[in-house]
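Going letter by letter, the sequence shown gives residues 901 to 1140 in this note's numbering.
Quick caveat, the hints were computed from the structure, so don't treat them as lab data. Because the structure is a prediction, the values reported are computed rather than measured. Be aware that a few hints might be false.
What follows is a list of derived Cβ distance ranges for each label pair [stated by the list, open to error]:
| hint | residue 1 | residue 2 | range |
| --- | --- | --- | --- |
| 1 | G1062 | R908 | 30 to 36 Å |
| 2 | D1098 | A974 | 41 to 47 Å |
| 3 | R1023 | A990 | 35 to 41 Å |
| 4 | G1031 | R908 | 36 to 42 Å |
| 5 | P1124 | E967 | 36 to 42 Å |
Even for Gly, the Cβ is constructed at its ideal location relative to N, Cα and C.
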Amino acid sequence: MSALLECRGLDAGYLKGRPVVRGFDVELQAGQVTALLGPNGAGKTTVMITVAGLQPSLDGEVLVDGEALARGSARAAARKGVVLVPDDRALFTGLTTRDNLALCRRRGGTTIDEVLDFFPSLRKRIKVEAGKLSGGEQQMLAVGRALMLDPRVLLIDELSMGLAPVIVEELLPIVRRVATETNAAVVLVEQHVHLALDVADHAVVLAHGATVLSLPAADLRADPSVLEKAYMGETSAAVR
């Protein structure tokens, strides 16, 4: 089966000749959730914004359906269905929940009601300004707004930013459901590692800008010590 999203030898960063992430390789199938993990400063967000076209790659390729995307072109990425939920959520705080969703609606695409089926608690907050929502509700709205764009590749950067673990436990299974029901390929950057592994099919661990692990999530759930060593930089690259 051909990959929906593929990164080949991706060097990502902000200064030519000084990549933050080096030689990043990954393949994602439709309906697959990949957890992109690693300590702070490992380069996870840099990968996400580069794949989304918000930052040009320094080397390598990002491909969707086997077609290489233009470097640093968010428009080209969006045309191929690559959608990023940034870690700051980027909501229009003065607009209501409904208006935030409606701004992203495509003719003949996902409806607001279909998004609210994923996040039923937003139904009773539909007329509330985004800035007055709780942190968890804002994150639901940020993901919901991305779903209005009918993503084929959904990039979610730090879903749990500023949220209590109990809220994260509620949100992450929804990510799994989104991948299953929409057939989108999902990349999830998440600091609550073990919760992320519970919903992921595959996991990639970055450390110091290099891939140190790329394994089925089930393998890391079965042997957490492998993950701990990877975070400490004690594991050589393992790819399956």
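Evaluated hints:
no., hint, verdict
1, G1062 - R908: 30 to 36 Å, "holds (34 Å)"
2, D1098 - A974: 41 to 47 Å, "violated (31 Å)"
3, R1023 - A990: 35 to 41 Å, "violated (22 Å)"
4, G1031 - R908: 36 to 42 Å, "holds (41 Å)"
5, P1124 - E967: 36 to 42 Å, "holds (38 Å)"
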